[in-house]
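Below, each chain spelled out in residue letters.
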Amino acid sequence: MLQTFTVYVEDKPGVLNRVASSFRRRGFNIESLAVGHTHKPGISRMTIVVEADGFTARTIEANLYKMVNVLLVENITYDDKVIRELALIKVRTSPENRLEIFQTVEVYRSKIVDVTTESVMVEVTGPTAKIDSLVEVFEPYGIIEMVRTGVIGMGRGPYAPTISPEFVEAVVPEEAVAK
Amino acid sequence: MTKTGAQVIWEVLAKEGVEIVFGYPGGAVLPTYDALLDSSIHHVRVRHEQGAAHMADGYARASGRVGVAMATSGPGATNLVTGIATAMMDSSPIVCITGQVNSGVIGTDAFQETDLTGVTLPITKHNYLVTSADELGPVLREAFYVARSGRPGPVLVDITKDAQNGKTEWVWDDRPVRLPGYQPDLRALPEEYQRAAELINNARCPVILAGQGVIMSGAMDILREFVDMTNIPVAETLLGIGGLPASHPLNLGMMGMHGEVWVNNAIQEADLLLAFGMRFDDRVTGTLSTYAPNAAKIHIDIDPSEINKVVRVDVGIVGDLRETLEILMPAIERGDRNGWVDHILEQKSEAAERDIVGQPEGGQLYAAHVINDLWKYTNGEALIVTDVGQHQMWTAQYYRPDKPRHLITSGGLGTMGFGLPASIGAKMACPDEEVWLIVGDGGFQMTASELATCRQEGVKVNIALINNGYLGMVRQWQEFFYDRRYAGTPNVNPDFVKLVEAHGLTGLRCTERGQAESLIQQARETEGTVLIEFQVVQEDNVYPMVPAGAKLNVMIRRPEPNPELASEV
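Residue numbers (the working numbering), protein chains in the order written: chain A, 1 to 179; chain B, 1 to 569.
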């Protein structure tokens with residue numbers, strides 16, 4: 001089944017490479033990986049989705065933890081959470097079907113962000129299944145191109161992942177942030 | 001005080017307690033070598049950088065301290081790679097310092113530029129690229145801390161030439177290293193200990209699988225206490241040899257592919273396996289689907305990623321083995337498992353001795369005889385270093401040390417060429433020990449250039465060269481599984497005695513068993529490195545052996561002329 005991990009890492013050069021290399025070396029296949037800054041300077045957050053059974057998921061977690069630059073790993077697969085993905089989809093249009101496409105965009109609570117005489121670009125966010133579904137609906141009109149961010153996830157409720165005091169006051173050298 | 005990066009390197013090394021660095025200079029590491037002349041640290045100029053990494057490794061394994069290797073960028077650094085991978089597989093704490101081209105030209109394919117942090121990413125515990133002198137002090141301290149703490153391992157610090165030349169205000173900061181993402185000690189939950197204790201107390205046929213973790217965590221005494229109290233027999237991994245004295249009545253010896261039959265039988269029949277600081281290598285388990293089918297399993301290891309990696313366990317405890325056993329001990333009941341122990345020892349009887357005695361001499365020399373004699377005439381007290389192959393397995397079977405850190409060998413990676421440089425490192429770490437290198441004619445030639453280093457350093461390593469004219473272990477597989485088609489395994493060898501003599505060292509030759517004792521004594525008494533070439537039977541095999549894909553206790557037995565062994569259980 002698909003396992004979703006939240007991984008906090010130090011924002012240093014090569015850290016993404018270390019994480020990706022570890023997955024490659026142990027033969028774990030990444031379905032999706034998204035990375036970006038957090039509100040804490042010098043700390044990035046990754047959401048990684050992997051196809052794995054429970055035992056393998058545990059191994060993945062332990063291998064991530066071993067890395068010096070990895071601050072925290074949480075398997076949020078079974079948690080109450082919000083999972084989102086963003087996609088931009090460019091669809092071929094004609095005067096005949098343009099209205100129909102606009103209506104579909106409405107139904108999916110997505111947005112038109114670019115229009116030409118022959119195409120529209122749609123911005124859609126939501127769980128993976130919703131985006132898959134919209135792609136399916138657009139398929140007959142002709143999809144010119146598409147890009148997806150990969151999923152990001154966060155647990156519900158007024159909590160962040162349990163983090164050690166060490167982590168909260170993590171000392172991040174300035175030069176590392178500058179890079 | 002203002003210092004150059006190069007000066008900072010040597011000062012940090014000195015503060016970290018480094019006395020010896022094994023290395024080879026070159027363009028990108030010139031500033032650091034220039035500053036070496038003002039340092040009190042002894043530098044050993046090796047003949048090939050692979051030798052430097054293995055020496056640092058041998059030094060670390062013999063002493064428990066961090067070994068240090070140094071090389072220049074590009075080819076110098078890539079030559080370290082085999083040594084780094086060897087240290088990684090066997091969790092040996094070494095720090096490798098490499099020069100790198102100026103930071104301004106990184107990425108331009110400059111002369112002798114190699115992306116070494118990229119190359120070594122999967123074979124180091126951690127690595128660093130340092131591009132400014134200001135980072136050097138903190139990074140090097142971190143490197144030593146990471147290398148020696150938790151599950152030890154190699155750490156590489158790649159330092160650009162401008163970082164070595166750069167000026168920095170540096171003061172030694174002796175506050176503890178703070179690495180927020182690095183948690184080498186993870187304590188297990190009390191429930192886990194309780195479950196472990198229950199399993200142990202109720203087990204009737206348990207076996208302890210003792211790995212290198214016993215030695216690395218210094219758990220020798222408490223393991224012995226545990227064993228004496230519970231009367232649980234111990235099987236050792238190759239790197240675990242020495243964790244419990246070989247002469248201890250409950251020490252069964254090495255398990256696995258070339259373990260003795262009674263050891264593997266015990267594991268297959270056990271109702272509980274206690275894996276202490278070992279990682280269920282495939283050479284230890286045989287086919288996983290049939291491994292110890294009736295046994296519950298308790299796994300204690302400092303590395304959480306080892307728990308349930310290949311063998312599913314009932315209880316996994318992550319932590320330092322010594323500390324863990326200290327916590328566990330009070331909950332363990334004294335045990336009487338005499339029936340079980342007798343059952344195993346009955347199979348053992350005198351089989352190992354008989355094997356030695358049973359082989360007909362007829363003027364020929366057997367490697368097993370040589371190693372057993374060496375054990376006898378050194379009173380089992382020598383610090384043994386081996387290379388990789390048949391001689392390595394015979395050493396594990398017939399040289400039975402009572403002390404930890406007295407068998408140094410490349411286990412996980414199986415690196416031929418490891419032996420000679422590692423023995424130099426071991427001797428330099430422990431100058432008072434009698435160091436013997438047991439090495440094959442194949443592996444010896446991979447790093448024989450380090451004989452010059454022996455001469456240069458005046459170091460005394462006794463070398464028992466087991467010359468069978470083949471890459472013996474590969475030849476054995478070809479004999480068993482490839483219909484005796486000896487592709488690429490026969491050796492055309494130099495005259496080894498002349499070779500060592502050309503290096504200004506002493507060479508001796510032994511062709512029959514009667515000469516062994518006096519030659520071994522002569523080697524011990526001669527100053528400087530001495531090599532004895534033992535010309536042994538060419539097509540001899542390591543028995544018993546678990547063939548690939550077989551159940552652990554379905555082994556290829558010793559053939560005639562050992563009839564009583566062929567009928568061994």
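Treat the hints as calculated values from the structure; they're not laboratory data.
One or more of the hints may lead you astray.
The calculated BS3-like cross-link candidates involving lysine-lysine, where the alpha carbons are at most 30 Å apart (straight line), are [stated by the list, open to error]:
id: 1; chain 1: B; residue 1: 15; chain 2: A; residue 2: 81
id: 2; chain 1: A; residue 1: 12; chain 2: B; residue 2: 3
id: 3; chain 1: B; residue 1: 167; chain 2: A; residue 2: 12
id: 4; chain 1: A; residue 1: 12; chain 2: B; residue 2: 15
id: 5; chain 1: B; residue 1: 309; chain 2: A; residue 2: 12
A quick note: this is a predicted structure, and the numbers were derived from the prediction, not measured.
Evaluation of the provided hints:
| no. | hint | verdict |
| --- | --- | --- |
| 1 | B:15 - A:81 | violated (49 Å) |
| 2 | A:12 - B:3 | holds (26 Å) |
| 3 | B:167 - A:12 | holds (24 Å) |
| 4 | A:12 - B:15 | holds (27 Å) |
| 5 | B:309 - A:12 | holds (29 Å) |
Of the hints listed earlier, the one the structure fails to meet is number 1.
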